[in-house]
Amino acid sequence: MVGELSKPHLSGPHLNEPRSGRPILRVLGVKKAFGAAQALRGADLEVLPGEIHALVGENGAGKSTLMAILGGNLRPDSGDIAFRGEDWTPAGPAEARNRGVSLVHQELALVPHLNVESNVTLGNEKARFGFARSQADRVRAALEELGYADLDPGARVGSLGMAERQIVEIARALFHDAKLILMDEPTSSLPARDVERLFAALGRLKARGIAIVYISHFLDEVARVADRISVLRDGATVAAGLPADTPTPDILQAMVGRPVAEIFPPRQGNLGGTVLEARGWVSRPGAAPADLSLRKGQILGLAGLVGSGRSALLRSLYGLRRPVAGSLAIGGEAELARGWTLERARASGIGFLSEDRKDEGLALGLSIRANSTLGELRRFANAAGLLRLDAEAAAVETMRTDLAMRSQGIEQPVGELSGGNQQKVALGRLLLGDATVWLLDEPTRGVDVGAKAEIYRLIAAEAAQGKAVIWAGSYLPELFGICDSLAVLHRGKLSPIRPISAWSEATVMAWAAQGVHA
Amino acid sequence: AGEAVAPGGTAAKTRPVVAVIPKGTTHEFWKTVHAGAMKAGSEEGADIIWQGPAKEDDRKGQIEVVQNFTSRGLDAIVLAPLDETALARPVEAAVKRGIPVVIIDSDLKSKAFSSFVATDNFAAGTLAAQHMAEALAAKGGPASGRAAEPVGNVLVMRYLEGSASNSNRENGFLEGLKKFAPKAVVVSSNQYAGVTAESALKTAQNLLNKYPDIAGIFTPNGPTAFGMLRALQIAGRSKQVKLIGFDATEPLLAAMKTGEVAGLVVQDPFRMGYLGVKTALAAKRGEKVEARLDTGARFIWAAEVDLPDVQALVHPDLKKWLGN
Amino acid sequence: MKPGLRTLAPYLGLAAAYLLFSLLAPAAFHGAYNLKTILTQSVIVGIGALGMTFVIISGGIDLSVGSLIACATVLLARALNLGHEPLPGWLPWAALAAATGCGAIGGVLNGFITARFRLAAFIVTLGTMQIYRGGAKWLAAEQTVTAPATWLNGLMEVDAGPRWLWIAPGVWLLLALTAAVAVVLRYTVFGRHVYALGSNEAAARLCGVPVALRRIQIYALGGAFAGIAGAMQFANLTLGDPTAAEGMELDIVAAVVIGGGSLRGGEGRAAGSLIGALLMAVLRNGCNMAGIPNYLQNIVVGAIIIGAVGLDRLGARGSRA
Amino acid sequence: MKPGLRTLAPYLGLAAAYLLFSLLAPAAFHGAYNLKTILTQSVIVGIGALGMTFVIISGGIDLSVGSLIACATVLLARALNLGHEPLPGWLPWAALAAATGCGAIGGVLNGFITARFRLAAFIVTLGTMQIYRGGAKWLAAEQTVTAPATWLNGLMEVDAGPRWLWIAPGVWLLLALTAAVAVVLRYTVFGRHVYALGSNEAAARLCGVPVALRRIQIYALGGAFAGIAGAMQFANLTLGDPTAAEGMELDIVAAVVIGGGSLRGGEGRAAGSLIGALLMAVLRNGCNMAGIPNYLQNIVVGAIIIGAVGLDRLGARGSRA
Ligand SMILES: Nc1ncnc2c1ncn2[C@@H]1O[C@H](COP(=O)(O)OP(=O)(O)OP(=O)(O)O)[C@@H](O)[C@H]1O
Ligand SMILES: Nc1ncnc2c1ncn2[C@@H]1O[C@H](COP(=O)(O)OP(=O)(O)OP(=O)(O)O)[C@@H](O)[C@H]1O
Ligand SMILES: [Mg+2]
Ligand SMILES: [Mg+2]
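Chains as they are written, first to last, in this note's numbering: chain Y, 1 to 518; chain V, 1 to 324; chain C, 1 to 321; chain X, 1 to 321.
Worth double-checking, as some hints may not be accurate.
What the hints assert, rightly or not - List of simulated lysine-lysine pairs, DSS-like, C-alpha gap at most 25 Å:
# : chain 1 : residue 1 : chain 2 : residue 2
1 : Y       : Lys206    : Y       : Lys179
2 : V       : Lys239    : V       : Lys183
3 : C       : Lys36     : V       : Lys96
4 : V       : Lys319    : V       : Lys257
5 : V       : Lys96     : V       : Lys109
6 : V       : Lys239    : X       : Lys36
The hints are simulated quantities; they were obtained by calculation from the structure and are not laboratory data.
Hey, can you work out the whole structure from these sequences and the hints?
Encoded structure:
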């Protein structure tokens, strides 16, 4: 339901307060093309000092491209940009930052081998005779300001978690005295608790009069933190500076260009026989033994905080990591955890979608075709072992149309697609395969609302045809909307599986946080 | 330096063109061969093309150079083969295409070539052994009257696995030593110095550290001898050990003057180049040529280095023939 | 990335080099006999480069090929020495198989260490390069190994075979192998896996590609091609040479890269690698023909290596900032 | 990754090799004089490796160092020949500066091509390796170049200097340079940028690190160190040799990697590279001392290269499974 999505699932104070004054940033009619692809065809944006301005739009609408232009990474083909009343044509990201505009990247721009302090000061070190002078105090001050006083400036960034890395990036902006911070999907890989801390940090920034452009696919978040909202569609601004309390359906309509009625497809609850049954399954050292069973046609949600072991559970079921103990029965045949390998899992009809699209999910340099059939090449090989390229192309083409993938044909390298479309390629791989059990790890990460609806519909349809699905996710409204049963992990301890109707957001959060029923 | 004279050109049609292919282009020995070849060329009115393998000491590279000149269709080829077997077929292919080939410096296992112009390496090695025996005797006993029995530890540092000319010298030396100095002890003869003077230096240093008591050392060519010389100098033992080297390179001659090199076996590279080209052109004209021409090897003691005939041998007038 | 220009670059480079030397070198340069000579001279590097193409597409590198080539020449010579005159007819074939097998075994070891301990291929094969070189010297008892004459010696003769053969048998072999590699890369499951491994190993593993096995197969294949190249080197030298092909690994890698292979993995073509090897043979031949001194040859070869790879960069500027 | 074990690995390897040869080789092996010899023999590779440390940490590689070393020896010899006897006192210094400068200029070219055209360092320096080798031959007129004797000749003598010097001046230089590199890497802005470039170049660029300039500086530094190594090479042989140090680039890279450098960039230590160079010198010396035949030396060196890098992998198993 639309209503469900717009209902804020996070508690806390509203940050929205009306702001006024002369705009700090004014963007007018910006255009940008990549070869034949017109990424921006007239983007406008007006940001006031001290406001949080949300920028929303479908995958591929051009949000990241616009940010890259503002941050000095790309140069626009045409259009006017003014920052603090002056023409804005930074020569590069360094100049942009020195003049007060900092970009917090969707793909974080951090140097894992160096420590926090070096990362924050990178490119702006203070030196005497070439020797770097410690600026730990200023770095610590910036971290404190963001509510992360506990983060050690001497810690190696490679050893930090996602949330802390995000904070390091923002601290870098603060360190450089930014007047405008551009944040590209800062929460897409953060768990709820860290989102809260981030919002608190945003509140502090705002109080200092710093303006923030905030990109997110979570409209409820947007409603909570943003003062105003602009909507991009197909590279053009279709709604500029809507007030924060614009009803969600209106925003959705602006984004998609048509009214979005139903997001979650109706689910009918006729389940088949058990296809997968795990007993005493310990996916990683220290986790409690878990019992798990999955039936034909079932979509089982898996909730939990970050590090609770959802990925570890799915990965061990898929044979990607060696489980510690337990036994697994698939189609009646029992296997001990020790001998469970990826090859067996695949042979038993298990398919897997990784949460890490870039590093593990897709081969970005290869074409859509090569990526989507990689797991099932034997299906397209003849007796002599040669590939039937025509049959393959036809299958991939069908899949592409089914998923409404935006690309220039099936030979385009996946790396050139927008995030959401990349996710569709990863899903398409499962569609082309013949797995009967799907293990999905955050399948809608970074996917826009319209595409999300597509994915919900698609997976529900597959389940209706007898697939069994485990869906690990962090976004509760989504789990409530799509799953018919749910289990929650707390530090490797799995709750009993219950029908979705037996859970509420409160009971889920309680188990996730404490490992007990409230 | 090693450059062609008027390649191609229409006017060159009448002048015969001879390719001279050394083993490498960066040693004085080969420069002297080049000079000899140029002298013969100017006497005969022929153009000389001087071209070595792209990588020094690379058999395949040298085969390709021979093939390329065969393909170009020259009047004659003078070749110092890097390998006695490997170069046989390319030479035969050249002869088959009507290009006479003269082999210089090192032998080739083939009957196709017209003549072999070189030092007898085994004999040269034996020559070195004979003088090593004298040096050891002089060292051990009274300098005058009947020489004392040649005794002491002798070291042979070899050059490179599979180099025929050098292993002939090494083996000639080892055989000769058995004959001339049966009491001398060869402490090591299984270590290879490698192609460069640098690798020879390292191996030599390590060997010297292992054997503190050595009376005589034989090394089979210029770079190897020089690496050994440097190692002796660095260890401060250059005056205690009788070093006998091979080939008259500048640094070795200089060390003879200071007495750090006891003696050298000197070949006559100038004559090799000269006779090589002369013979090749004679073969081209269809004249009968000798199958084997020995250019001779001479042993020079350190004290003899300034003699005029020695100077003429080791310092031929390169400038005159090579320019610059 | 503009696949068009990147694919064309090596062909353009080859054409340019050929034209250049047609002007510089004497007329004999573009005679049929010299063409055959150039083709013959590209066989060893070419066959090595075909094997290396698999390795480089899969994101690896194999510095040990030069040593494996040396091993193969020595083993082949040793094998031929096992028979007594008159040599049985199967012996040359067995020796050929031994050379290829020896390369393949060396490759298996490379692949095994790389895959099993997840070490950088550069460093593993830098190590095995020394080890195999030592092995070749040991096999050869630190000597070159002569062998009785067989038809193997004729494989690399510019025009030894019957008239209808037109070019050396080794050149035909090179062409056949190029076609085979092109087919394997494009039309087989294995070929797809090679590209997938090079583009994103983790993703390949996730899709059920048996990563370790494939790596071993890929290096084995690379080694087997080195073995065949070694057999050609033997035919060239007619002896087993433990110091053969020192430094040739770099020529071979250069041929693949000139031909469009990317050291980051995921890119490479069989035909490209062939062209790369040809380009280098043309350069060397042309320099000899034109009487260009050694030092200039070095400089020209170096410039071409950089130029061929740089060419396509000038076209496709500033991709994803 | 366990930094502890990775940092210790080269030291353990060195200790193990030393112990091994103390058993195998004659007593002379662990005498003071032989120790000094080993130290002296590690100077050239060691200095080259220090420069290479910058390059490898920054995610690059420089295959042209061997050729640059050759260039430097030749240029130094040529420079010394410019003076007339008695040589002016400043001439050796000027010659030294010329050698270093010549290396640095070669490095600048490497860095410029790599950074400007965004080409893989492997392929660029594979090309310049040929170009500089050609340059060295040209400078030397394809000859070794003798030079008048100066104090430079004493730099690599095991105990030529005054007694208080104890070891060869070249060894002191190596140690001083190691300390200097360690300080630069750890305490300077430049050092941080070197790590940043190798760890995540895109991030460094976004943060305003002048990436292209830094690359050029890094390769220039690598080249300058090669130039100094060339001067030491000259001191060793007392002549300029255009064929010097062929293949040494691989030894130098091996030293850095044995010492903890990662070819993926972001990792490497000055002291580690020094230890790597020492380890290789110990191996060579020990093998010679123990009378181990050449082929076994090759095999041992190869095994050690793989072993040193493999050691830490055995400790830190299965990261992301
Ligand atoms: N370097 C590039 N080359 C070619 N096309 C590009 C490039 N960068 C972006 N595009 C295209 O431009 C369009 C806009 O991409 P952009 O990344 O700005 O979308 P987005 O709104 O950030 O989407 P998402 O929500 O998925 O992150 C897409 O169609 C994308 O494929
Ligand atoms: N007890 C533990 N043993 C081993 N690894 C652990 C443990 N606790 C956390 N981790 C590590 O924490 C990280 C997150 O764990 P995992 O991916 O299983 O959690 P998740 O619930 O899926 O989190 P996410 O929301 O990021 O998907 C993993 O890298 C995991 O290896
Ligand atoms: Mg985006
Ligand atoms: Mg997870």
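Inset, instruction - Taking the numbered hints from earlier one at a time, note which ones the structure violates and give those numbers from smallest to largest. - result: none
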